[in-house]
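Quick mapping for you: the protein sequence lines, in order, are chains A and B. Numbering-wise (the numbering used here), the first sequence opens with residue 1 and increments by one. Numbering-wise (the numbering used here), the second sequence opens with residue 1001 and increments by one.
No lab work stands behind these hints: they were computed from the structure. Incorrect hints may appear among the rest.
What the hints assert, rightly or not - Taking lysine to any residue and the SDA-like style, the derived pairs with C-alpha atoms no more than 25 Å apart in a straight line are:
1. A/K230 - B/I1140
2. A/K388 - B/K1152
3. A/K230 - B/R1109
4. A/K230 - B/S1060
5. A/K388 - B/L1166
6. A/K388 - B/G1159
7. A/K388 - B/R1032
8. B/K1152 - A/A259
9. A/K385 - B/V1162
10. A/K230 - B/S1108
11. A/K391 - B/W1034
12. A/K388 - B/V1163
13. B/K1152 - A/F401
14. B/K1152 - A/G3
15. B/K1152 - A/A287
16. A/K230 - B/W1113
17. A/K385 - B/I1158
18. A/K388 - B/V1162
19. A/K391 - B/W1112
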Amino acid sequence: MDGIEGLVHGFTVAFTLQNLLFALLGAFVGTMIGVLPGIGPALTIALLLPMTYGMEVASAFILFAGIYYGAMYGGSTTSILLKTPGESGSIVAAIDGNKMARAGRGAAALATAAIGSFIAGTIATVLVALFAPGIVDIAVQLGARDFFALMVVAFLTVGALVGGSPLRGLTSLALGLTLGLVGIDFQSGQDRLTFGMPRLLDGIDTVVLIVALFAIGEVLYVVAHQTTSKYAVESIKGQRWMTRTDLRRSWKPWLRGTAIGFPLGVIPAGGSEIPTFLSYSLEKRLAKGARRKEFGNGAIEGVAGPEAANNANAAGTMVPLLTLGIPTSATAAIILVAFQQYGLQPGPALLRNEPDLVWGLIASLLIGNLMLLVLNLPLVGVWVKLLKIPKPYLFAGIATFALLGAYAVNGASFDVLLLIVFGVVGYLLRRFGFPIAPVVVGAILGPLAELQLRRALDISAGDPLTLLASPFSVVVYVTLAVVLTLPLLIRTLNRRRLTRTTMLETVPDDHRDQRDERDDREHPIQLTEPQPASAQQTPATKEKP
Amino acid sequence: MTNRPTVAPESGAAIAAPGAGATRVPEAGAKRRWPELLLGIAVVAIGIVTILDGLSQPASTSASGLGAGQFPMIVGGLTTGLGILLIVQILRGRLGHPDAAEGDVDASRLHWWQLLLATAALVLFALTVDVLGYPIAAAITFVAVAFATGAKRWLLTIGIAVVLSLGVFYLFTLLLRIQLPAGILTGIL
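If we strip away everything but chain A, and leave its shape as in the complex, we get (with noise of 0.2 Å):
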């Protein structure tokens, strides 16, 4: 089946009644989640998982698809007005379009993020429809070896590339990497790393880790480091929606942050921070005069670019999570695991198995993205609302509820002191700057990678060099090396240039932005990025990779 006639297809098996209303709710709860501060589309799934068990797994994966979507509309919404991104994906956004709410102009922030979406998230879902056919036409033919060599570079990428400083994000990496071999070998029965424990021999269920690592973690850091207990929520009553001038400076930007982020997607580069940096960046340098100047202070491409580029690159790490089992971002790890808890591997065979399923998915994929913007448009009044939930009982409110569901994955309370033990380190790494997702996609994806390692070597009786031996895993690793040091290499440019140039101009720190504006510019934004030691006053900050 080519990508045309299975999206066709796709369509005949979300076009039922009962899994267009699966793709609604899953939108509608999806965006309810995801406006809640701090809950990205990696937690909300998490917090959501519970609510499909003993669902039909077609009706499953269209509430997942809805879901997925939904947190990320949901996640620009807290970006806008309460310039609490989430996830990093939406920290570039949230500059100019918190400014853009403070300037009274939050509601064509928000209209343009969300038509942004809507058109980077459509063209971006064709495409991986258009390539997983071809893609899965070749990993059928790959074989163990290839497939690790794939995973490295999943490794690799997701660990280096994301967050500010890749030995941060390698030992995130790592410590996924050995929570993935806690529990029974697969092939010889034995024990790793339980230190006796027989709860421990399931291994450590990844929706625990999840949770623990995103909500516990997010709940821990706020309580030991907020500064006030109260939202500072801009409104949005009585705003006009995008203006004739903000449709003609949004769409190009829309568009190139598509085209951006989609392939930075499939080829795993490393999370969405670095597409979404690199379309801000680009429309800044497109910008004509006065209009560059008001980047970091409300420019609408500012928004436009990033949204879009972020909503394509979820999209496109849909292309390796179903064509090769490979999840790159901690949001594709965790759909790893719900097909997993459905019994299926996403993989070359899993489209030729259940075409029904793929396609399904990848249609309801366009079919929730549609609803999206059909609720968020008009909605978006109802959805500010929820950011009224006074602080303190929306953390209290997320704690109990990751609780609950750790408690319910098996009924004991192993699972939630578990839960609580991780939740510790996950605020701890928060803390000390050590991303998240790597330790998500180590832990999912170590177990797989070690897999194939062994089948690799079992069929090469033990000859480590039939890891190189095949033509694909040698242009893999090749490709890995240049992918590897080009994003780098673009990064340390792109941040000496903004940090040092234009940024120190024009962006305000991200976290102290309510002081005047001439104190802001003491301090530049922050990102994810650490800053070069030139453009801060003091040594301890020149953390650079």
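Given chain A, work out where chain B should sit, using these hints.
Same frame as chain A, now just chain B:
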């Protein structure tokens, strides 16, 4: 409840003045380094434990000679190496940057007792959920976390906690048919 730091008036004024951030004060640098150093040491320790665990695995009988032990040794070696690099980096003064994806947080200040209260509340839930039952344990945890996050009105908070935990209990047991323990309230609920 002395919620001083958490109830600072509008977030703006009270947030760190320039230079007050942990990583920005040179003379405080050595002291600030300790938590991260401990973290680096913990990473090395995790790596070593993983290597030892791998070494203790029985020899493989598979064609590749790879058994349960080799992959852990690779992962453990990687972890140890990265931990050592991390310690070196920290000693040279390169500290981590706190997560930038949050609003209204200032990582250079730590609300110690609020953090302890919230953690204790979570642990309390784990220890008491089977005995006290879900509704009571969850309500206590909710109240404690809410106060750690700056809630001020006792009665309202307790009211919300009770309604919420009972609501969740009935939703799960009646509607979703997922059993939650009723604990000491068995027979009453």
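Here's how the hints hold up against the structure:
| no. | hint | result |
| --- | --- | --- |
| 1 | A/K230 - B/I1140 | 22 Å, holds |
| 2 | A/K388 - B/K1152 | 16 Å, holds |
| 3 | A/K230 - B/R1109 | 17 Å, holds |
| 4 | A/K230 - B/S1060 | 58 Å, violated |
| 5 | A/K388 - B/L1166 | 23 Å, holds |
| 6 | A/K388 - B/G1159 | 19 Å, holds |
| 7 | A/K388 - B/R1032 | 36 Å, violated |
| 8 | B/K1152 - A/A259 | 49 Å, violated |
| 9 | A/K385 - B/V1162 | 23 Å, holds |
| 10 | A/K230 - B/S1108 | 19 Å, holds |
| 11 | A/K391 - B/W1034 | 31 Å, violated |
| 12 | A/K388 - B/V1163 | 19 Å, holds |
| 13 | B/K1152 - A/F401 | 21 Å, holds |
| 14 | B/K1152 - A/G3 | 57 Å, violated |
| 15 | B/K1152 - A/A287 | 48 Å, violated |
| 16 | A/K230 - B/W1113 | 19 Å, holds |
| 17 | A/K385 - B/I1158 | 23 Å, holds |
| 18 | A/K388 - B/V1162 | 21 Å, holds |
| 19 | A/K391 - B/W1112 | 19 Å, holds |
The earlier numbered hints that this structure contradicts are 4, 7, 8, 11, 14 and 15.
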